[in-house]
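There are 4 protein chains.
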Amino acid sequence: MSGNSFGKLFTVTSFGESHGAALGCIVDGCPPGLELSEADLQGDLDRRKPGTSRHTTQRREADEVRILSGVFEGKTTGTPIGLLIENTDQRSKDYSKISTQFRPAHADYTYMHKYGVRDYRGGGRSSARETAMRVAAGAIARKFLHQRLGITVRGYLSQLGPVKIEKFDWAQVHQNPFFCPDVDKVREMEDYMDALRKSGDSIGARINVVAEGVPPGLGEPVFDRLDADLAHALMSINAVKGVEIGAGFDCIDQKGTQHRDELTPEGFLSNHAGGVLGGISSGQPILASIALKPTSSLRLPGRSIDVDGNPVEVITTGRHDPCVGIRATPIAEAMMAIVLMDHYLRHRGQNADVTVSTPDIGQA
Amino acid sequence: MSGNSFGKLFTVTSFGESHGAALGCIVDGCPPGLELSEADLQGDLDRRKPGTSRHTTQRREADEVRILSGVFEGKTTGTPIGLLIENTDQRSKDYSKISTQFRPAHADYTYMHKYGVRDYRGGGRSSARETAMRVAAGAIARKFLHQRLGITVRGYLSQLGPVKIEKFDWAQVHQNPFFCPDVDKVREMEDYMDALRKSGDSIGARINVVAEGVPPGLGEPVFDRLDADLAHALMSINAVKGVEIGAGFDCIDQKGTQHRDELTPEGFLSNHAGGVLGGISSGQPILASIALKPTSSLRLPGRSIDVDGNPVEVITTGRHDPCVGIRATPIAEAMMAIVLMDHYLRHRGQNADVTVSTPDIGQA
Amino acid sequence: MSGNSFGKLFTVTSFGESHGAALGCIVDGCPPGLELSEADLQGDLDRRKPGTSRHTTQRREADEVRILSGVFEGKTTGTPIGLLIENTDQRSKDYSKISTQFRPAHADYTYMHKYGVRDYRGGGRSSARETAMRVAAGAIARKFLHQRLGITVRGYLSQLGPVKIEKFDWAQVHQNPFFCPDVDKVREMEDYMDALRKSGDSIGARINVVAEGVPPGLGEPVFDRLDADLAHALMSINAVKGVEIGAGFDCIDQKGTQHRDELTPEGFLSNHAGGVLGGISSGQPILASIALKPTSSLRLPGRSIDVDGNPVEVITTGRHDPCVGIRATPIAEAMMAIVLMDHYLRHRGQNADVTVSTPDIGQA
Amino acid sequence: MSGNSFGKLFTVTSFGESHGAALGCIVDGCPPGLELSEADLQGDLDRRKPGTSRHTTQRREADEVRILSGVFEGKTTGTPIGLLIENTDQRSKDYSKISTQFRPAHADYTYMHKYGVRDYRGGGRSSARETAMRVAAGAIARKFLHQRLGITVRGYLSQLGPVKIEKFDWAQVHQNPFFCPDVDKVREMEDYMDALRKSGDSIGARINVVAEGVPPGLGEPVFDRLDADLAHALMSINAVKGVEIGAGFDCIDQKGTQHRDELTPEGFLSNHAGGVLGGISSGQPILASIALKPTSSLRLPGRSIDVDGNPVEVITTGRHDPCVGIRATPIAEAMMAIVLMDHYLRHRGQNADVTVSTPDIGQA
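Residue numbers (full-length UniProt numbering), protein chains in the order written: chain V, 1 to 364; chain R, 1 to 364; chain W, 1 to 364; chain E, 1 to 364.
Excised from the complex, chain V in its bound form (with noise of 0.2 Å):
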């Protein structure tokens, strides 16, 4: 399959560009009978969407989201759903100036070279505005699951630059614009965003997603393992340039019998896993951390050089996110979505029939 596709029996495949004429995708393989209608894409579109802060760009988009096939009578029929997304706030003129030009760390430089020809209004195809599909298909996923399984994913961010959250609650997460369950970073995280926004630069964030209820069982080693693809969704992720499960990087100083997560009736002790044991959940809750590049689009100027080759200087305007990572819980969450998706119908397709006689002991 070509590149714009994701997931073998739960398969999204998308389009559009940022100033195009509309974005959209198919989700093919979602089982028959899910209630479903707009309103349940609508609400996580919502907390994706540009300019509700003033801490995000200011394109207003309305994201509002039509659901073309695949549900009849409220219902999923079975068949694909497709989903399509009106662009109505594109300001083409701005980006006329870099028409000519790579702007640093953008992908105008590498389009050029693979395709020859590229789309530069907005990054065309290489914009994250590419991701509210996602968070559309992914919304679809996280109905299911949480419906048919009382599965839950959900994500929050961990790291502003330098700020990291010390406390946690999960209420908190949806009570500023920043994802942050943190209450009392909340306010430096503001101060941090106003001076940078004034500088013109930009700063990078690390986001958690968490997911829990998942059965034991998902994952098909030894390539499709589930922490392979988990990390190939969230890695596809624009801006996104690390990739953690469960202990991540800190496993490389933890002894074997400091990462190890001993097994009791009551359940695991630990989780340094993150849930995943050979590829494959264990249970417990699946723990994923991604890190994001700060925005490459800034008004201080770079150097670069033009289609030509000749140096050149860069000036970004137009609008644009100081930090992607505020906008990037919500898609990071329905990557996870979609992952865990595509897995349990893989699961179900060729282990219908497994009875365990051991218990499914989860997290103690």
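Some clues are possibly wrong.
Here are the simulated DSS-like pairs of lysine-lysine, each with C-alpha atoms no more than 27 Å apart in a straight line [what the hints assert, rightly or not]:
| no. | chain 1 | residue 1 | chain 2 | residue 2 |
| --- | --- | --- | --- | --- |
| 1 | E | Lys97 | W | Lys164 |
| 2 | R | Lys255 | V | Lys198 |
| 3 | R | Lys255 | V | Lys255 |
| 4 | E | Lys97 | R | Lys75 |
| 5 | W | Lys255 | E | Lys97 |
| 6 | R | Lys164 | V | Lys164 |
| 7 | V | Lys167 | R | Lys255 |
| 8 | R | Lys97 | V | Lys255 |
| 9 | W | Lys255 | E | Lys49 |
| 10 | W | Lys164 | E | Lys164 |
| 11 | W | Lys255 | E | Lys167 |
| 12 | R | Lys164 | V | Lys255 |
Below, a sample of chain V positions facing chain R; criterion: calculated Cβ distance under 10 Å [said to hold, decoys possible]:
| no. | residue |
| --- | --- |
| 13 | Gly33 |
| 14 | Ser37 |
| 15 | Ala39 |
| 16 | Ser99 |
| 17 | Phe168 |
| 18 | Ala171 |
| 19 | Gly200 |
| 20 | Ala205 |
| 21 | Gly219 |
| 22 | Asp261 |
| 23 | Ser357 |
Just so you know, these hints were derived from the structure itself, not from any lab.
Just so you know, even glycine gets a beta-carbon here, dropped at the ideal spot from N, CA and C.
Could you slot chains R, W and E onto chain V? The hints should help.
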């Protein structure tokens, strides 16, 4: 496709258990006309082979690979290449004890929950023994990439537990059993491993992999980005818990002006992106780093449960690597080479006739 | 991948029901730089469009296609091409009667057994209305194949019920509503259809498709042979019950000396193979022939059961084609073009640098 | 995926040339817990095996298959099953003559044009020898389908050149070397084959395959319809030039009232559809029929060219089947079983929890 295949045009499908009759794989999609013999594969296999130093498992496997098809008169024919390695040094009795117990941090518990049955001998399919075929398949990709495109894929150990490298010299990497590029750290690593082995514990490690000479343009956004497929491939290696591309998690606290790799007619001025922009190779070196967890097979007792859910104390005898990271370098190289090979063929298929006027500036 | 995608490098994924809001598809993998506009697709869509003569359904659909992405400044960019056709002439009331009944020879019964729910309006996803998107996607493939490689893909009706063509002239095919190449049979077909329509019954047909200018070498043995993928593609068209390549079923009673296509420096002396040898194109014309069953929507009463299993008598009112074969020619052309396009890209990906000294002799 | 894999959840990937060291395949996705041993595969392999009567090639191959992985203590584990058959009776000298010539109606010419190089020994990868692995893999599918679901997949020869069967008795099929169900035609076939062999010519054949006990609901519209995947699978068998489902090409001249299979509470009243409606199984027997071309390896001289394009006269010595159709029955059964197995797992994956109130009426 089921979970034991990797790659879309250069497809590797493998089989085999730690203590089964043999390991094998099929490499489908290798272009015709490549000179190939067992000797081309054996070199990399020997670098991964167990029992070559006191710091790895003492299991002795010749790991002699046979090419069963796809090569005629010394050259690939474009038909699938069948590879086979017979297992010769199984000692299944070592494992009889744990046939009814789940070793902490092993796949025993999850395999049982997924399949309802498991080959407990040495971990069966979940054993790192499976990676021998990855190295064999990767050797084919590496030879093609090097001979046809001048691409080199090389890795090294950058951290062993608390011991971090400080100096770097490719020439040193193959002068010690750790693939360590810093000659001054080798003795420290040896002492550390000797003490560790005495203690009966294990430790994690970090491996870096670098591909040089990669042309710009490889990668298939938005889901099959080059970095996303690399993350998939590297995270699918046993014991890997984290993957970074370029600056990785250091991005979190980087400013945009600091992270962005500026372009000049003489080349990119830095490589925080790790050679991938927008999911497509930039012509700079591809930089990946992975974290490996400490081995879970320990003779130090750990709490667990048996197949009926009763509490047990587990001690893992048998022969094991106290640090799986030590032998992981050739495996990581192999997986990166397979990804690059697959993406080279995919890119060629879709864009073979693209002409680009912009010069390939590469690294300054 | 789920079942609504076709092709590996040139991938078509579609959605849409007969009476839903819209039909759409995503064409992923089209090479960049191809001049493309809606006009390039509309021509083929109009050839398939209903309501153009009294011999087809009187449902009136403009079938106006919109290109939503993947084209910039008149050229493809290499990113996915989103296509959309809004439904405009649904008359769902026509179908309310059969919401609880299964029409004989329709997919009503099987969709219910597969999904437990069905969109009964006009057959929902199982309606031939879905083929509009195949034609739109196929038009992109046909343009690329013709413009870049000089390949033409053309089809015609070779038999309508008992009426077989005897003469052949490509110029005639578009001079009549049947795609009939034999001018002397057109009147006979019209009279036959008029009588059939009066009787309320329907009839089958045979369509032949020919691709000329196909280079030798396309096809991926052993499972993705060119003829195997053609069989897959053509049999996936609604109402198709048989597929032949070259001599097809006539092979059964052919001697080897009679069937084998001898080679001379001036070309092959015959084409019983239909342009495919060992699953790979030979450079001769690709010849395929398909059988289409008679329409199942009849106003003549038929025995069936309702959703509860009770016996019922079904009469299908509404607007239908008395011979689906009449409009199938552009659909068959589209599917053959999609297969050739996909195999051209796959072949190029794996064998772009192959040099062959043996001349391409083609057809004598 | 490259071209040597078939199936999405039950995936068969094969390798091997006619005169290479060995043939092999990997069956990935077989559910765990199925009792399996070499004996289960050998039966079908022996039915396909050459040299069992004077009517087939005299090449003697034991075709002894080894199971190298995926089975533990007599049961499948859910991990990939590696299968291997060593070649034992190659006589490459037989083929040295034609190393520089292209045999008419063989894949010699097309392989050379695709790959630029070919293993000319016995046709290399294009030899029907490859089908041994299809039969081995198919035997696993057939056992699962029969043991778990009560599905039987059986085939027979319905026509050998001009000799058509008139009577039908499953019990006769294995009482003669032709898989002929009509005892009264066996003698006629033997005489025909003896005369044919003397003449040095070859002949085509027709094989029918029937699957009984298939539940309704298998098939993934719109592209992966059950009949479309069957057409793909059957057309991928060497020498097959045509595929029919149910009434097949007889549909062309059928009226809708005649073709439609009416439903009653007691079952369908006919099966012109061949057990597939809208691409989904109906619960009736699945009926497929294939046409096989006459063998192309003839000792009667034929015109051709050599690798440089010069005219030559080709005579094929060596050992060949004068009618490849004779041994094709087990191969066709295997491919149908693989398709049904794959679709059963896919259907279960996406629709495992669907409940259907409508009774499964089956065939009357």
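For each hint, the structure was consulted:
A C-alpha spacing of about 46 Å is found between lysine 97 of chain E and lysine 164 of chain W, which places the hinted pair above 27 Å, so the restraint is violated. A distance of roughly 13 Å separates the Cα atoms of lysine 255 of chain R and lysine 198 of chain V; the hinted pair therefore holds under the 27 Å criterion. Proposed proximity of lysine 255 of chain R and lysine 255 of chain V is contradicted: the alpha carbons are some 34 Å apart, above 27 Å. In summary, the hint linking lysine 97 of chain E to lysine 75 of chain R is supported, as the alpha carbons are separated by about 21 Å, within the 27 Å threshold.
For the suggested pair lysine 255 of chain W and lysine 97 of chain E, the alpha carbons sit about 24 Å apart, so the restraint of at most 27 Å is met. Restraint check for lysine 164 of chain R and lysine 164 of chain V: satisfied, since their Cα atoms lie roughly 25 Å apart, inside the 27 Å limit. Between lysine 167 of chain V and lysine 255 of chain R the CA atoms are separated by roughly 25 Å; this keeps the pair inside 27 Å, and the hint holds. Note on lysine 97 of chain R and lysine 255 of chain V: the hinted pairing holds, with a Cα-Cα distance of about 24 Å set against a maximum of 27 Å.
Proximity of lysine 255 of chain W to lysine 49 of chain E is assessed by CA-CA distance (about 24 Å); at most 27 Å being required, the pair is judged to hold. For the suggested pair lysine 164 of chain W and lysine 164 of chain E, the alpha carbons sit about 25 Å apart, so the restraint of at most 27 Å is met. Between lysine 255 of chain W and lysine 167 of chain E the alpha-carbon distance is near 25 Å, which keeps this suggested pair within the 27 Å criterion. Our distance criterion of 27 Å between C-alpha atoms is met by lysine 164 of chain R and lysine 255 of chain V, whose separation comes to about 16 Å.
Hint on glycine 33 of chain V is violated. Least Cβ distance to chain R is approximately 26 Å, over the 10 Å limit. Interface restraint check for serine 37 of chain V: the shortest CB-CB distance to chain R comes to about 26 Å, outside 10 Å, so the restraint is violated. For alanine 39 of chain V, the suggested interface contact is broken, since its CB lies about 26 Å from the closest CB of chain R, more than 10 Å. Interface restraint check for serine 99 of chain V: the shortest CB-CB distance to chain R comes to about 13 Å, outside 10 Å, so the restraint is violated.
Taken as an interface hint, phenylalanine 168 of chain V does not check out: its beta carbon lies about 18 Å from the nearest beta carbon of chain R, beyond 10 Å. Annotation: alanine 171 of chain V was flagged as interfacial toward chain R, and the flag is violated, the nearest CB pair being 25 Å apart, outside 10 Å. Checking glycine 200 of chain V against chain R: minimum C-beta separation of about 9 Å stays under 10 Å; hint holds. With a least beta-carbon distance of about 6 Å to chain R, the hint placing alanine 205 of chain V at the interface is held under the 10 Å criterion.
Satisfaction of the interface hint for glycine 219 of chain V is found here, the shortest Cβ-Cβ separation to chain R being roughly 7 Å, below the 10 Å cut-off. The restraint placing aspartate 261 of chain V at the interface with chain R holds, with a minimum CB-CB distance near 6 Å, inside the 10 Å limit. Taken as an interface hint, serine 357 of chain V checks out: its beta carbon lies about 7 Å from the nearest beta carbon of chain R, inside 10 Å.
Violated hints for the displayed structure, listed by number in ascending order: 1, 3, 13, 14, 15, 16, 17 and 18.
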